[in-house]
Amino acid sequence: MKKLSKTTKSNLITYGIVVVAYLVCEILMRTGHMSSLMKGILVPLCIYAILAVSLNLTVGILGELSLGHAGFMCVGAFTGAVFSKCTVEMIAVPGLRFLLALLVGIVCAGICGILIGIPVLRLRGDYLAIVTLAFGEIIKNLVNAIYFGMDKNGLHFSMKDSIALGLEPDGVIIIKGAQGITGTPTDSNFTIGVILLLITLIIVINLVHSRTGRAIMAIRDNRIAAESIGINITKYKILAFSVSAALAGAAGVLYAHNLSTLTALPKNFGYNMSIMILVFVVLGGIGSIRGSMIAAVILTLLPELLRALNEYRMLIYAVVLIAIMIFTWSPKGIALRERYSLAKLLKRREKEVQ
Amino acid sequence: MAVLEVKNLGISFGGLRAVDDFSLEVAKGQLYGLIGPNGAGKTTVFNMLTGVYKPDNGKILLDEEDITGRSNIEINKAGIARTFQNIRLFSDLTVLDNVKAGLHNQKEYIYSTLTGILRLPRYFQAERAMDERAMELLKVFDLDKEASYKASNLPYGKQRKLEIARALATNPKLLLLDEPAAGMNPNETQELMDTIRFVRDEFHMTILLIEHDMKLVAGICEKLTVLNFGQVLACGDTSEVLQDPKVITAYLGE
Amino acid sequence: MSFISYLLNGISLGSVYAIIALGYTMVYGIAKMLNFAHGDVIMIGSYVAYMAINNMGLPIPVSILLSVIVCTLLGMMMEKIAYKPLRQASKLAVLITAIGASYFLQNIALLIFGANTKSFSSVVNMEPIQLAGGQLIISGETIATVVACIVIMACLMTFMKYSKAGHAMLAVSEDSGAAQLMGINVNATISLTFAIGSALAAVAGVLLCSAYPALTPYTGAMPGIKAFVAAVFGGIGSIPGAFIGGILLGVIEILSRAYISSQLSDAIVFSVLIIVLVVKPTGLLGKQIQEKV
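Protein chains in written order, with our numbering: chain A, 342 to 695; chain B, 8 to 261; chain C, 72 to 364.
These aren't lab readings, by the way, just hints derived from the structure by calculation.
A couple of the hints might just be wrong.
[What the hints assert, rightly or not] Only pairs whose alpha carbons sit at most 16 angstroms apart, straight line, appear in this in silico EDC-like list of lysine to aspartate or glutamate:
{"hint": "1", "chain 1": "B", "residue 1": "Lys-146", "chain 2": "B", "residue 2": "Glu-198"}
{"hint": "2", "chain 1": "B", "residue 1": "Lys-35", "chain 2": "B", "residue 2": "Glu-229"}
{"hint": "3", "chain 1": "A", "residue 1": "Lys-576", "chain 2": "B", "residue 2": "Asp-73"}
{"hint": "4", "chain 1": "B", "residue 1": "Lys-165", "chain 2": "B", "residue 2": "Glu-195"}
{"hint": "5", "chain 1": "C", "residue 1": "Lys-103", "chain 2": "A", "residue 2": "Asp-467"}
{"hint": "6", "chain 1": "B", "residue 1": "Lys-35", "chain 2": "B", "residue 2": "Glu-81"}
{"hint": "7", "chain 1": "B", "residue 1": "Lys-165", "chain 2": "B", "residue 2": "Glu-186"}
{"hint": "8", "chain 1": "C", "residue 1": "Lys-358", "chain 2": "C", "residue 2": "Asp-246"}
{"hint": "9", "chain 1": "B", "residue 1": "Lys-84", "chain 2": "B", "residue 2": "Asp-70"}
{"hint": "10", "chain 1": "C", "residue 1": "Lys-351", "chain 2": "A", "residue 2": "Asp-467"}
{"hint": "11", "chain 1": "C", "residue 1": "Lys-162", "chain 2": "A", "residue 2": "Asp-467"}
{"hint": "12", "chain 1": "B", "residue 1": "Lys-84", "chain 2": "B", "residue 2": "Asp-73"}
{"hint": "13", "chain 1": "B", "residue 1": "Lys-180", "chain 2": "B", "residue 2": "Glu-71"}
{"hint": "14", "chain 1": "C", "residue 1": "Lys-358", "chain 2": "A", "residue 2": "Asp-467"}
{"hint": "15", "chain 1": "B", "residue 1": "Lys-222", "chain 2": "B", "residue 2": "Asp-201"}
[To be verified] To spell it out: a stretch of chain A is covered by chain C in this simulated footprint if at least three of its residues, at any positions, have a beta carbon under 8 angstroms from a beta carbon of chain C; those stretches are:
{"hint": "16", "segment": "480 to 488"}
{"hint": "17", "segment": "664 to 676"}
All C-beta atoms, glycine included, are put in the ideal place defined by N, C-alpha and C.
Could you build all of it, start to finish, from the sequences and the hints given here?
Here it is as C-alpha cells:
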C-alpha cells in the first residue's frame with residue numbers, strides 16, 4: 342500500500358503545481374507586476390498544456406503516434422464558436438454559454454475521434470501517423486470552405502460562397518469560408534483556462550490509474566498478450582483516442598473564446614501545430630503527464646522570452662530540439678548523462694561528507 | 008470428464024499442412040504434456056486453441072462447449088489462458104499491474120471507465136479487492152516482494168513465473184504453458200516444476216504444456232502427446248510414450 | 072480537350088511528387104524514419120539553383136548540377152549529425168529530430184534568403200507542343216518533368232537490381248543487423264541512401280519551381296508531405312509504388328482542383344489516402360507483415 346500513496350503523492354504534486362502557478366500569476370496580475378505580453382499568453386499556456394496532456398494519452402499511454410491533434414482542436418474550436426455565436430442573444434450568462442459551448446465542442450471532437458479512430462486505429466506506427474496528419478489537414482481544408490449562416494428561417498449551409506447561403510436581409514453569416522468566424526463572445530479567461538487544465542489533468546491521471554488505463558497500457562506494451570488475457574483491443578484503443586480527441590476539443594473551445602476572430606490557418610490548426618504539441622509530449626517525457634504540461638508551458642514561454650533574438654529564435658529552437666534528442670537518446674549522450682547525473686553528483690557529495 | 012477435447016484439428020499455411028488431424032483429450036486436473044521436435048507444430052496447436060489462428064477444420068470443445076473459430080479474446084473469457092514461448096509481459100507496467108491486468112474481466116472487479124475517472128466508491132473497493140487478489144497470486148509465485156518493480160526489470164526466471172501468474176489471474180479452466188522452462192538453469196527448472204505442481208493442486212487447475220526439457224516432462228506430466236511433422240506420433244501415459252521406439256527415433260533420428 | 076490538358080498537368084505534378092517520393096521511400100525503407108526534413112531539402116535545392124542562375128549567372132545545366140551536389144552533401148551531413156547518433160533511439164525521438172532539422176533548414180533559408188517570394192525562372196527552354204490545332208498545349212516543363220521522372224525511376228530500379236550498392240541497400244532495409252554481419256558497411260549504405268534521396272530532392276525542387284515559380288522558405292514543406300503521402304499510397308519501401316502513388320496523387324489533385332473545388336483539392340487527396348489505407352493497410356504495392364506469436 343506504500344506504492345499507492347506514492348502515485349497519489351505524485352499526482353497531488355501535479356495538481357499543486359498548477360494551483361501554485363495560478364496563484365502566483367493572479368498575485369502578479371493584481372499587483373500590476375505582469376507585462377501585457379505575459380497577460381496575453383496566459384490563456385494560450387493553458388490551451389497548450391491541455392493539448393499536450395491530452396495528446397500524451399494517445400502517444401504515451403496508448404502508444405500510437407498521432408499527428409492530427411490540431412484537427413480535433415479545430416473541430417472543438419469551430420463547433421464551440423458556432424454554438425456561442427448562435428446563442429449569444431438567447432443565453433445572456435457568459436459562464437453558462439461557455440459551459441454549453443464547451444460541451445458541444447467536446448462532444449463533436451470526441452465523435453470525430455471515434456469516427457476517425459474506428460477505421461484507422463488498425464493501422465500501425467507511421468501509417469497511423471500519416472493518416473492522422475491527413476485527417477487534420479482535411480478538417481482544416483473543410484473548415485476553410487464552409488459557409489454557414491442563420492436567419493429567421495433557420496440555419497443555412499453552403500460550400501460555395503456567402504451568397505449561396507440565400508440569407509434573408511436580417512440574417513447573419515456565422516462562418517464565412519476562409520475568413521472564419523468573427524465576433525465570437527470572448528467568454529474565456531485565465532481562471533477558466535486553469536480550471537479546464539485541472540479537469541483535464543484529473544481525467545487523464547484518473548483514467549491512467551484505473552482498470553481502463555491498465556488495459557490501455559497493456560495494449561501498448563504487448564498487444565498479443567493483452568488479447569490473450571481477454572482485453573478488447575479495439576474498444577480500448579478507440580476509447581483512449583476519442584477521450585484524447587475530446588480533450589483537444591475542449592482546448593479548441595477555449596482557444597475560440599479567447600480571441601474574437603477564429604480562422605483555420607496552417608499556423609493554428611495545421612499539421613505544424615500538431616507537431617508542436619507532439620514536441621511538448623516528447624520533450625516532457627513520453628507517458629509523463631506532468632512532464633507534458635511543464636514542457637508545454639516552458640516551450641511556449643521560451644520563444645516569447647527570446648523575442649529579443651527575433652530572427653534567430655526559431656533557429657535556436659530547432660537546434661535545441663535536435664540537441665536535446667541527441668543528448669537524451671544517443672549512446673554518447675546517455676554515457677555523458679550517466680557520468681554527470683545529478684543523483685550521482687549528490688551521492689558523491691554524500692560520500693565526501695561522510 | 009474432459010476439460011478440453013480436440014477433434015481432428017488441422018490448419019494449412021499456403022501449401023504447407025502445419026497441423027493435420029490433431030486430436031487430444033485432457034481430463035480435469037490433469038498435467039498433460041505436448042512434445043515433439045522443433046517445427047512439429049506444437050505452438051501452432053496452441054495458437055489454434057487460443058484463437059490466434061482459425062483452424063481450417065476440426066473442433067475444439069472446452070467443458071463440452073464448442074469454442075472453435077472464436078476470437079482469442081472470447082476464448083480467454085471462455086476459460087483458456089496461456090503463456091508464450093518468448094515472454095510477453097507488459098514490460099512498462101509494474102509486476103502488480105501485470106497481474107491486475109489479468110483480472111480485467113473478472114466480474115467482482117469490473118467497474119466502468121467513468122467510475123474510474125470520477126473515483127466513485129466502487130473504484131476504491133474494486134481496486135482494493137484487486138490488489139488483494141493480485142498479491143495472493145504473486146505470493147504463490149514468490150513474487151510479492153517485487154510487486155512494485157517494473158516487469159522488465161525482473162530476472163528471467165521470475166518473468167516466466169509472472170506470466171503464469173497473469174494467466175492464472177484470468178481464472179481459466181485450462182492453462183496452456185508454452186515452453187515454461189526455456190532458458191532456465193536446472194535449479195530454476197526444478198523450482199518451476201514444484202510451482203507448476205503446486206498450481207495444479209492449489210487451484211485444481213488443468214494444465215497443458217509444451218516442453219523440450221525431458222526431465223521436466225518426465226517429472227510432472229501424467230500424459231503425453233507427441234507431435235511430429237504436424238501429426239500425432241504417439242499418445243498415452245508418460246512412461247510408456249517415452250519408451251516408444253517411434254518417439255525415440257523422432258527425437259534422436261535413425 | 073480541357074480534360075486531357077488537366078490530366079497532363081496532373082501527370083506532370085505527379086511526376087514531381089514521384090521523384091520526391093522515390094527519395095522518401097528509399098530513406099524510409101532503409102532508416103525506417105519519417106524524414107520530415109526531406110521537403111526542405113527540395114526548397115534548399117531550389118534556392119541554390121535560383122542563386123546560381125540569377126546571382127552568379129551560371130548556365131542552367133551547371134546550376135542544376137550545383138544544386139544536386141549541394142543537396143547531396145546536405146543530405147549526408149544531416150544524416151551524420153542528426154540521425155546517425157539516434158540509430159538505436161525510439162522512433163519518436165528520431166521523428167522529433169527530423170522535425171528539428173526541418174525547422175532548422177526553413178529558418179536558415181529565412182535568414183539567408185529572406186521571407187520574400189522569389190520568382191523562379193523556368194530551367195526548361197523548350198517550345199510548348201501544340202496538338203489538335205492548338206487546342207491542346209503541352210508545355211516544355213510538363214515534358215521535361217515526365218521524362219526526368221521516368222528516367223530516374225528506370226535508373227533507380229536498374230541500380231537496385233544490378234549494382235552491389237543496390238543489393239546492399241536492400242539487405243540493410245531488410246535487416247540491418249544481419250547485413251552488418253554479412254560484411255556490408257551499414258553506415259556507408261545509409262549515407263549513400265540519404266545522398267541519392269537528397270540528390271533526387273534537388274532535381275524535384277528545380278522541376279517543381281519551374282512549373283510553380285513561387286519560391287519561399289516554406290515551398291518544400293507541403294510537397295514533402297504530399298510526396299510522403301504518395302509513397303505511403305503506393306506502399307512505402309517500394310520504388311514502383313512511389314512512382315504510381317506520385318502520379319495518382321498529382322492527377323487526383325489537379326482533377327479535383329479543376330472539377331470539384333480548388334479549396335478542397337488537398338482534402339480530397341488526403342481522403343483518398345485514408346480510404347486506400349483503410350482498405351489496404353500497407354498501400355497499393357506494400358508488403359503485408361504479420362506478427363508471429
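Comparing the hints with the structure gives:
1. Lys-146(B) with Glu-198(B): Satisfied, since the Cα-Cα distance of roughly 15 angstroms is no more than 16 angstroms.
2. Lys-35(B) with Glu-229(B): Measuring from Cα to Cα gives roughly 12 angstroms; hence the hint holds.
3. Lys-576(A) with Asp-73(B): 25 angstroms, violated
4. Lys-165(B) with Glu-195(B): Measuring from Cα to Cα gives roughly 9 angstroms; hence the hint holds.
5. Lys-103(C) with Asp-467(A): 9 angstroms, holds
6. Lys-35(B) with Glu-81(B): Violated - the C-alpha atoms of Glu-81(B) and Lys-35(B) are around 21 angstroms apart, more than 16 angstroms.
7. Lys-165(B) with Glu-186(B): Cα-Cα ~14 angstroms, so holds.
8. Lys-358(C) with Asp-246(C): 15 angstroms, holds
9. Lys-84(B) with Asp-70(B): With a Cα-Cα distance of about 13 angstroms, the restraint between Lys-84(B) and Asp-70(B) holds, given a limit of 16 angstroms.
10. Lys-351(C) with Asp-467(A): Given pair Lys-351(C), Asp-467(A) holds - Cα atoms ~15 angstroms apart, limit 16 angstroms.
11. Lys-162(C) with Asp-467(A): 9 angstroms, holds
12. Lys-84(B) with Asp-73(B): 13 angstroms, holds
13. Lys-180(B) with Glu-71(B): Within the cut-off at roughly 12 angstroms; holds.
14. Lys-358(C) with Asp-467(A): 15 angstroms, holds
15. Lys-222(B) with Asp-201(B): 13 angstroms, holds
16. 480 to 488: holds (count 4)
17. 664 to 676: This one holds; 8 residues, not fewer than the three required, reach chain C with a Cβ under 8 angstroms.
When the structure is compared with the earlier hints, violations turn up for hints 3 and 6 and for no others.
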